[in-house]
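S.K.: Sequence:
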Amino acid sequence: MKEEIAATVFFFTRLAKKHDQLGRKDLERFAVQLTALLFEKYKSHWYPESPNRGQAYRCIRMNKQQVRDPLLERACLESRVDYEALGLPREITVWVDPHEVCCRYGEKNRPMSVALLEGKDEDREISKRIAIAVEKATSDYYSGTSSDDEGSVSSSSTSSQEVNSIPTVSNPNSVYQFADLAVQSVPSWSHYKRKAYPETYHHQPAVNSCYLPYRTYKPSAAFSGPRVDRYHWVSKKRC
Numbered sequence: 001m002k003e004e005i006a007a008t009v010f011f012f013t014r015l016a017k018k019h020d021q022l023g024r025k026d027l028e029r030f031a032v033q034l035t036a037l038l039f040e041k042y043k044s045h046w047y048p049e050s051p052n053r054g055q056a057y058r059c060i061r062m063n064k065q066q067v068r069d070p071l072l073e074r075a076c077l078e079s080r081v082d083y084e085a086l087g088l089p090r091e092i093t094v095w096v097d098p099h100e101v102c103c104r105y106g107e108k109n110r111p112m113s114v115a116l117l118e119g120k121d122e123d124r125e126i127s128k129r130i131a132i133a134v135e136k137a138t139s140d141y142y143s144g145t146s147s148d149d150e151g152s153v154s155s156s157s158t159s160s161q162e163v164n165s166i167p168t169v170s171n172p173n174s175v176y177q178f179a180d181l182a183v184q185s186v187p188s189w190s191h192y193k194r195k196a197y198p199e200t201y202h203h204q205p206a207v208n209s210c211y212l213p214y215r216t217y218k219p220s221a222a223f224s225g226p227r228v229d230r231y232h233w234v235s236k237k238r239c
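With the first letter of the sequence shown counted as 1, position 121 gets the number 121 in UniProt numbering; the numbers rise by one all the way through.
None of the hints are false.
Here are the computed distance ranges between Cβ atoms for each label pair: (1) Gln21 with Pro70: 20 to 26 Å; (2) Gly23 with Asn52: 37 to 43 Å; (3) Arg74 with Gly23: 19 to 25 Å.
Think about it this way: if two alpha-carbon atoms lie no more than 25 Å apart in a straight line, the pair counts; the simulated BS3-like pairs of lysine-lysine are: (4) Lys2 with Lys41; (5) Lys17 with Lys2; (6) Lys64 with Lys108; (7) Lys17 with Lys64; (8) Lys2 with Lys25; (9) Lys64 with Lys18; (10) Lys64 with Lys41.
The hints are simulated quantities; they were obtained by calculation from the structure and are not laboratory data.
For each residue, glycine too, the CB sits at the ideal point set by N, CA and C.
Let the sequences and hints guide you as you build the complete structure.
M.R.: Below is the structure:
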């Protein structure tokens with residue numbers, strides 16, 4: 001659970017950092033509070049052998065009916081951060097499930113994977129996925145795209161994106177540090193189409209649903225040893 005939560009916190013913090021309205025200390029406080037709240041909320045609703053179970057409960061969502069997500073708003077309140085300064089998209093849904101974090105921009109677009117956590121992705125690949133998702137969110141947000149005028153997700157972008165790799169943190173009490181960020185070059189959005197949806201998702205959800213389309217969970221290969229802790233800046237005592 002700690003890896004999925006860490007990827008989620010990193011995703012929202014990257015969105016806020018790109019908006020460039022909060023300082024480093026503000027972002028760190030927000031990340032700490034959001035991590036703690038996610039652990040507290042999900043610890044009794046986490047089912048690794050049945051990832052679809054509790055999916056709606058683990059949904060972070062903002063749209064016309066719910067302008068602010070209650071959990072994000074509480075994290076801002078407890079960290080003394082202005083919610084509007086996060087610069088989040090007007091319509092976004094994030095599903096935090098065992099082994100995978102997905103997001104959807106707008107209410108009509110298809111979900112895309114932010115992080116796959118079944119031992120298939122290296123740290124840099126996860127970082128690229130998060131960075132691409134952030135770029136997609138901000139490009140839609142600043143262009144004014146919403147559920148009223150958006151269609152299917154466009155894959156025609158050819159501009160290069162700049163990516164910050166997953167940070168290495170020297171301070172065990174810090175959830176997020178910017179000093180260790182390294183710039184990488186990333187291929188365009190069209191190179192990272194989500195393969196899972198055409199094969200494993202059998203129908204689209206209702207517009208107002210927090211559930212992802214149904215998918216059949218396939219267990220990972222047999223246990224081959226302890227998983228490398230990619231997100232070691234999250235306290236292991238919480239999971």
